[in-house]
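Colleague: Protein sequence lines correspond, in order, to chains A and B.
Under our numbering, think of the first position of the first sequence as 1, with each following residue one higher.
Under our numbering, think of the first position of the second sequence as 1, with each following residue one higher.
Hints are not guaranteed to be accurate.
One copy or two, either will do: identical chains are not told apart, so a pair holds if it fits within one copy or between any two.
[Claimed, not checked] Below, computed lysine-lysine pairings styled on BS3-like, alpha-carbon distance capped at 30 angstroms:
| # | residue 1 | residue 2 |
| --- | --- | --- |
| 1 | Lys-396 | Lys-349 |
| 2 | Lys-384 | Lys-281 |
| 3 | Lys-69 | Lys-257 |
| 4 | Lys-379 | Lys-225 |
| 5 | Lys-95 | Lys-281 |
| 6 | Lys-187 | Lys-396 |
| 7 | Lys-151 | Lys-257 |
| 8 | Lys-384 | Lys-23 |
| 9 | Lys-395 | Lys-312 |
| 10 | Lys-310 | Lys-395 |
| 11 | Lys-54 | Lys-284 |
| 12 | Lys-257 | Lys-187 |
| 13 | Lys-395 | Lys-23 |
| 14 | Lys-54 | Lys-362 |
| 15 | Lys-396 | Lys-124 |
| 16 | Lys-284 | Lys-395 |
| 17 | Lys-151 | Lys-395 |
| 18 | Lys-281 | Lys-83 |
| 19 | Lys-187 | Lys-54 |
| 20 | Lys-362 | Lys-225 |
Calculated from the structure, these hints are not laboratory results.
Number of protein chains: 2
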Amino acid sequence: MTNAFEELLNIGIALSSVHDLDKLLDMILLEAQRLTSADAGSIYLVEDNKLIFKTTRSNTYFKRWGEKKTREIFKSFELPITKQSIAGYVALTSKPLNISDVGKISGKSEFHYNSTMDKQYGYKAVSMLSVPMLDMNSKIIGVLQLINSMKKRKPVSFTKKHERITAALSSQAAVAILNAKLTEELKSAHLDTIFRLSAAAEYRDRETGNHIKRVSRYSKLIADKINLSKYESELIFWASPMHDIGKLGIPDVILQKPGILTPEEREIMENHTVIGGLILKGAKADILAKSRIIAMTHHEKFDGTGYPQKLKGNAIPIEGRITALADVYDALCSKRCYKDAFPEEKILKILNESRGTHFDPKILDVFLGEYDEVRIINKQFADKEEDFDKFIDVKKINISDLLRDTQ
Amino acid sequence: MTNAFEELLNIGIALSSVHDLDKLLDMILLEAQRLTSADAGSIYLVEDNKLIFKTTRSNTYFKRWGEKKTREIFKSFELPITKQSIAGYVALTSKPLNISDVGKISGKSEFHYNSTMDKQYGYKAVSMLSVPMLDMNSKIIGVLQLINSMKKRKPVSFTKKHERITAALSSQAAVAILNAKLTEELKSAHLDTIFRLSAAAEYRDRETGNHIKRVSRYSKLIADKINLSKYESELIFWASPMHDIGKLGIPDVILQKPGILTPEEREIMENHTVIGGLILKGAKADILAKSRIIAMTHHEKFDGTGYPQKLKGNAIPIEGRITALADVYDALCSKRCYKDAFPEEKILKILNESRGTHFDPKILDVFLGEYDEVRIINKQFADKEEDFDKFIDVKKINISDLLRDTQ
């Protein structure tokens with residue numbers, strides 16, 4: 001067993017360093033398959049007191065259909081945590097079940113094997129090892145299920161050694177899963193804060209929260225297609241909602257002026273880029289540093305006629321060039337107090353006329369090349385009438401429901 | 001070795017579930033000591049290309065002085081990563097060093113043992129095992145150093161088995177340390193976003209960012225002293241900066257009016273509590289849910305005369321009662337356009353007169369009981385003249401320095 005345990009140590013270390021939950025679950029399954037020579041396996045996680053089928057691996061199906069199609073066929077579904085199903089039984093009892101032949105489970109047994117899928121796809125599950133994944137306090141967080149331990153191309157029973165190794169792996173897996181979930185929760189809490197506060201800040205500007213959602217998605221769409229790393233592209237997605245945060249320093253009387261601004265007013269208005277930089281100055285987190293750059297450069301123009309620095313061409317940081325296009329495009333598409341939304345034809349004409357003057361031609365080409373996707377985003381996060389008056393009808397709000405957040 | 005490895009598996013799981021870096025480092029040392037019968041040990045982490053001494057454990061010193069005093073004596077210090085010191089040598093070469101007697105290191109050796117502390121405190125280090133902590137890509141993240149493996153109360157050499165076990169432990173420790181650091185980074189990035197955007201939102205109200213820092217700290221001070229869990233108390237610290245976020249929905253003309261508000265204006269102004277609730281409605285993260293409650297209830301009064309719901313006594317959520325006091329206290333202490341800061345005597349008089357009317361008497365007592373600490377916070381986060389005009393002198397800003405964030 002020494003070697004097996006030494007190997008498990010290394011597996012534990014490898015699992016601990018994966019923070020993407022989907023990748024992690026797949027890696028856990030792959031290692032479990034390998035350690036037990038299993039043909040297939042699945043992972044269920046406990047969420048809202050149910051078992052959610054999360055991922056599967058199957059040598060047989062992967063060979064037949066490839067990974068992608070297999071995963072499409074075995075989509076997520078949920079099981080109640082009851083003794084009827086094998087996974088439910090294991091979750092409820094927190095004890096592993098090592099079954100030599102699922103076809104021979106006694107009719108008197110509390111649990112049953114559901115062979116619907118097997119029959120549908122012509123697969124024969126024989127041996128099955130189901131192991132609870134328990135956290136440090138022995139609370140169930142999921143079930144790891146392995147099917148058909150293979151020996152000389154025949155399914156055989158899972159051994160006692162398999163049981164021990166899979167139990168050890170499951171404990172390591174459990175803590176890695178909880179850590180990956182914690183990381184996801186921390187990230188999504190931060191993202192939610194950014195979107196909510198940025199949207200609230202834009203409310204004074206008569207923007208709905210959808211504007212920043214669209215700009216953020218257009219920007220990521222572009223970033224994904226040019227030579228930026230996945231991390232950089234994610235950063236731009238997170239950071240771009242704060243591009244106009246500096247407008248908090250601009251008085252209502254200028255920000256909300258219906259007519260054309262005087263040169264003096266315009267100068268004050270343009271300060272919102274620098275004020276954004278000041279709000280985010282000195283921040284250590286990559287997201288906020290990226291936001292600072294975007295806030296300060298999203299009004300620069302490719303020909304050097306923008307503000308605040310009249311930067312030209314590639315001297316404008318790439319994230320500034322990207323959000324400049326995303327922001328202007330969204331403004332053209334949107335209804336404003338002083339204008340209706342432009343028709344698509346006119347918008348495309350304006351964009352193309354601004355190639356190399358306002359916009360980086362390379363970025364514009366990428367954007368136009370993804371125009372189908374742009375339309376989808378535009379539609380998905382379209383402003384609805386009610387988005388505009390959300391803060392106005394405070395009297396209509398049921399305040400005590402809002403306090404309990406049951407609205 | 002099987003048992004040792006099986007034990008290591010469990011240690012790895014335990015380490016992975018600790019997200020507080022200081023606790024984690026102590027736990028790593030404790031396990032390393034236990035597995036090698038070491039009398040003492042230390043951990044250095046690599047930060048900014050230096051080795052930072054982070055923590056120590058010593059059975060001898062803990063017995064002599066207790067843990068607290070020992071830790072005070074062995075404060076953090078830094079070492080360059082060079083071959084002169086043993087820890088530096090290990091960090092530079094990424095190889096362990098197992099030294100039988102540090103007193104007998106040859107004069108020709110590149111590294112030397114610094115016995116200054118030993119001489120000062122009458123300790124004799126003999127055997128020493130120093131192990132590099134490497135991440136998944138074999139990058140050095142720190143050094144684990146163990147001193148005097150004890151056998152029958154005498155220091156003996158660390159064995160080959162100790163070397164193997166400590167190497168395995170170090171790899172587990174490395175990934176756990178990186179995870180704990182990641183968690184800390186994610187949390188502090190989120191916290192920074194909350195403080196910066198909340199402070200920017202308050203700028204329109206002529207508040208400096210210090211106001212929310214003080215309110216947040218006063219609130220936590222109170223929460224720490226009443227029967228709230230450490231987690232709840234942390235949540236209040238994080239959530240309270242957003243208490244006035246709803247003011248983003250209030251027009252300048254009312255928010256910045258110098259004189260007394262008309263009843264109609266006052267009604268609009270009071271809407272900021274409900275607007276704050278709307279901004280934060282439906283958020284899943286605990287921090288934002290807590291913020292929603294605080295935003296909606298920090299103007300309620302204990303006798304039921306507050307707004308927006310005229311909640312009374314304990315019907316006001318505890319976090320609302322806490323921030324109500326913290327917010328009013330800070331307003332009384334602060335200079336406003338329409339008033340100077342009040343003298344302390346007058347402030348205390350006002351607070352005491354509001355016992356049971358505006359403020360929960362229990363919370364007021366806790367606050368007054370911690371008044372020395374309140375004064376320290378007030379001083380530490382005092383407004384300075386320059387805090388008030390940070391957004392006004394945009395012309396004085398060196399914009400290109402701000403873009404590179406070198407200001």
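Colleague: For each hint, tell me whether it holds in the structure or not.
Modeller: Here's how the hints hold up against the structure:
Taking identical chains as interchangeable, the C-alpha atoms of Lys-396 and Lys-349 are never at most 30 angstroms apart, the minima being 43 angstroms within one chain and 39 angstroms between chains. Taking identical chains as interchangeable, the C-alpha atoms of Lys-384 and Lys-281 lie at most 30 angstroms apart only when they sit on different chains, with a minimum of 18 angstroms there against 35 angstroms within one chain. Proximity of Lys-69 and Lys-257 under a CA criterion of 30 angstroms is satisfied in neither setting, with 55 angstroms inside one chain copy and 64 angstroms between copies. When the C-alpha separation of Lys-379 and Lys-225 is checked against a cutoff of 30 angstroms, the pair qualifies only within one copy, where the shortest distance is 21 angstroms, while the shortest distance between copies is 51 angstroms.
Taking identical chains as interchangeable, the C-alpha atoms of Lys-95 and Lys-281 are never at most 30 angstroms apart, the minima being 54 angstroms within one chain and 41 angstroms between chains. Taking CA atoms no more than 30 angstroms apart as the test, Lys-187 paired with Lys-396 passes in neither setting, with 34 angstroms inside one copy and 36 angstroms between copies. Taking the closest pair of Cα atoms, Lys-151 and Lys-257 never come within 30 angstroms of each other, the shortest separation being 78 angstroms inside a single copy and 82 angstroms across copies. In this assembly of identical chains, Lys-384 and Lys-23 lie within 30 angstroms of each other by CA distance neither inside one copy nor across copies; the values are 37 angstroms within and 50 angstroms between.
Taking the shortest alpha-carbon separations for Lys-395 and Lys-312, only the inter-copy value of 21 angstroms comes in at or below 30 angstroms, while the best intra-copy value is 50 angstroms. For a Cα distance limit of 30 angstroms, the shortest separation of Lys-310 from Lys-395 across copies, 15 angstroms, qualifies, whereas the shortest one inside one copy, 46 angstroms, does not. Within a single copy, Lys-54 and Lys-284 get their C-alpha atoms only as close as 36 angstroms, which misses the 30 angstroms cut-off; across copies the closest is 22 angstroms, which meets it. Proximity of Lys-257 and Lys-187 under a CA criterion of 30 angstroms is satisfied in neither setting, with 37 angstroms inside one chain copy and 39 angstroms between copies.
With identical chains, the CA atoms of Lys-395 and Lys-23 are never at most 30 angstroms apart, being 48 angstroms at best within one copy and 49 angstroms at best between copies. Neither within a single protomer nor between protomers do Lys-54 and Lys-362 lie at most 30 angstroms apart by alpha-carbon distance, with minima of 40 angstroms and 49 angstroms respectively. Taking the shortest alpha-carbon separations for Lys-396 and Lys-124, neither the intra-copy value of 60 angstroms nor the inter-copy value of 76 angstroms comes in at or below 30 angstroms. Proximity of Lys-284 and Lys-395 under a CA criterion of 30 angstroms is satisfied inter-copy only: 25 angstroms between copies versus 41 angstroms inside one chain copy.
For the identical chains of this complex, Lys-151 and Lys-395 are neighbours neither inside a copy (71 angstroms) nor across copies (77 angstroms), given an alpha-carbon limit of 30 angstroms. Neither within a single protomer nor between protomers do Lys-281 and Lys-83 lie at most 30 angstroms apart by alpha-carbon distance, with minima of 57 angstroms and 38 angstroms respectively. Within a single copy, Lys-187 and Lys-54 get their C-alpha atoms as close as 21 angstroms, and across copies as close as 27 angstroms, so both meet the 30 angstroms cut-off. Within a single copy, Lys-362 and Lys-225 get their C-alpha atoms as close as 11 angstroms, which meets the 30 angstroms cut-off; across copies the closest is 59 angstroms, which misses it.
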